[in-house]
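Given chain A's structure and the hints, the job is docking chain S onto it.
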Amino acid sequence: EAGVAQSPRYKIIEKRQSVAFWCNPISGHATLYWYQQILGQGPKLLIQFQNNGVVDDSQLPKDRFSAERLKGVDSTLKIQPAKLEDSAVYLCASSLDLLAGGAEQYFGPGTRLTVT
Amino acid sequence: GNSVTQMEGPVTLSEEAFLTINCTYTATGYPSLFWYVQYPGEGLQLLLKATKADDKGSNKGFEATYRKETTSFHLEKGSVQVSDSAVYFCALSAANTGGFKTIFGAGTRLFVKA
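Protein chains in written order, with this note's numbering: chain A, 1 to 116; chain S, 1 to 114.
In isolation and in its complexed conformation, chain A is listed as follows (with noise of 0.2 Å):
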């Protein structure tokens, strides 16, 4: 079974510039995550998606993040313009069913974003 797939795997661009991340759940996986991970923290949750719907982004800052799920599939993470404060590993994650409490993650790669 293939895992979650992300790319790209490292980014390095300059503040105020604009950059995407990609995301591919395993297949048959209706929730998938994007988490912000700052050196030495945990993953913080930034928005969830059931299918193509969004179940949470209370966390994403909107005002340069946004995200998108279509077709229920793979997703896009993009942040613009970007701030010295976004340097982090963005994660993405699914599992099968979000209304199911206990569901594990599985998790992908991870993007590393430096912003210089």
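One should not assume that every hint holds.
List of simulated lysine to any residue pairs, SDA-like, C-alpha gap at most 20 Å [what the hints assert, rightly or not]:
(1) 83/A <-> 29/A
(2) 44/A <-> 24/S
(3) 44/A <-> 112/A
(4) 78/A <-> 56/A
(5) 44/A <-> 108/S
(6) 77/S <-> 24/S
(7) 60/S <-> 26/S
(8) 11/A <-> 114/A
(9) 11/A <-> 41/S
(10) 44/A <-> 27/S
(11) 44/A <-> 26/S
(12) 44/A <-> 46/S
(13) 56/S <-> 102/A
(14) 44/A <-> 42/S
(15) 52/S <-> 56/A
Reference listing, derived: stretches of chain A covered by chain S, where coverage requires no fewer than 3 residues with Cβ under 8 Å from a Cβ of chain S [stated by the list, open to error]:
(16) 45 to 55
(17) 107 to 115
Note that these hints are calculated values from the structure, not bench results.
A quick note: this is a predicted structure, and the numbers were derived from the prediction, not measured.
For each residue, glycine too, the CB sits at the ideal point set by N, CA and C.
Chain S only, in chain A's frame:
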């Protein structure tokens, strides 16, 4: 709101030593509890979980028991190996509008010396 607190690292142990990583949580209702592990150069992966009080999750020699009375989910292993060197994250999943939301602790880095 819901939160997870785990012991700060790094934790450095010799091979075959006993490991405990403390984790406590704050949550309304009855969350599910998890330990995820991140090995060097790899993504996070589930190590074990427990979905109700007094449940014990176990995997690869690691164990954790869901203690509702102390709101804890401490990770233990009787004899660590060098290959256990990684960052360990405690997490909870609790009911939220529209489904369940997962909150992670800050992580505890473990170094095991040969």
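Hints and how they fare:
For the proposed pair residue 83/A and residue 29/A, the alpha carbon gap of about 32 Å is over 20 Å, so the pair is violated. Restraint check: the Cα-Cα separation between residue 44/A and residue 24/S comes to about 18 Å, which is no more than 20 Å; the hinted pair holds. Restraint check for residue 44/A and residue 112/A: the C-alpha separation of about 15 Å stays at or below 20 Å, so the hint holds. The hinted pair formed by residue 78/A and residue 56/A meets the criterion: a straight-line CA distance of about 17 Å does not exceed 20 Å.
Distance hint between residue 44/A and residue 108/S is fulfilled; the C-alpha atoms sit about 16 Å from each other, no more than 20 Å. Using a Cα cut-off of 20 Å, the hinted pair residue 77/S and residue 24/S holds, with the two alpha carbons roughly 18 Å apart. For the proposed pair residue 60/S and residue 26/S, the alpha carbon gap of about 27 Å is over 20 Å, so the pair is violated. Between residue 11/A and residue 114/A the CA atoms are separated by roughly 6 Å; this keeps the pair inside 20 Å, and the hint holds.
Restraint check: the Cα-Cα separation between residue 11/A and residue 41/S comes to about 17 Å, which is no more than 20 Å; the hinted pair holds. Taken as a hint, the residue 44/A and residue 27/S pair is honoured in the structure, with Cα atoms around 17 Å apart against an allowance of 20 Å. Between residue 44/A and residue 26/S, the direct Cα distance comes to roughly 16 Å. Compliance with the 20 Å bound is thereby established for this hinted pair. Between residue 44/A and residue 46/S, the direct Cα distance comes to roughly 17 Å. Compliance with the 20 Å bound is thereby established for this hinted pair.
Proximity of residue 56/S to residue 102/A is assessed by CA-CA distance (about 14 Å); at most 20 Å being required, the pair is judged to hold. Distance hint between residue 44/A and residue 42/S is fulfilled; the C-alpha atoms sit about 18 Å from each other, no more than 20 Å. At most 20 Å may separate the alpha-carbon atoms for a hinted pair to count; residue 52/S and residue 56/A exceed this at roughly 24 Å. A count of 4 residues in the segment 45 to 55 of chain A with a Cβ less than 8 Å from any Cβ of chain S is obtained; the coverage claim is therefore met, three being the minimum.
With 4 residues having a Cβ less than 8 Å from any Cβ of chain S, the segment 107 to 115 of chain A passes the three-residue criterion, so the hint holds.
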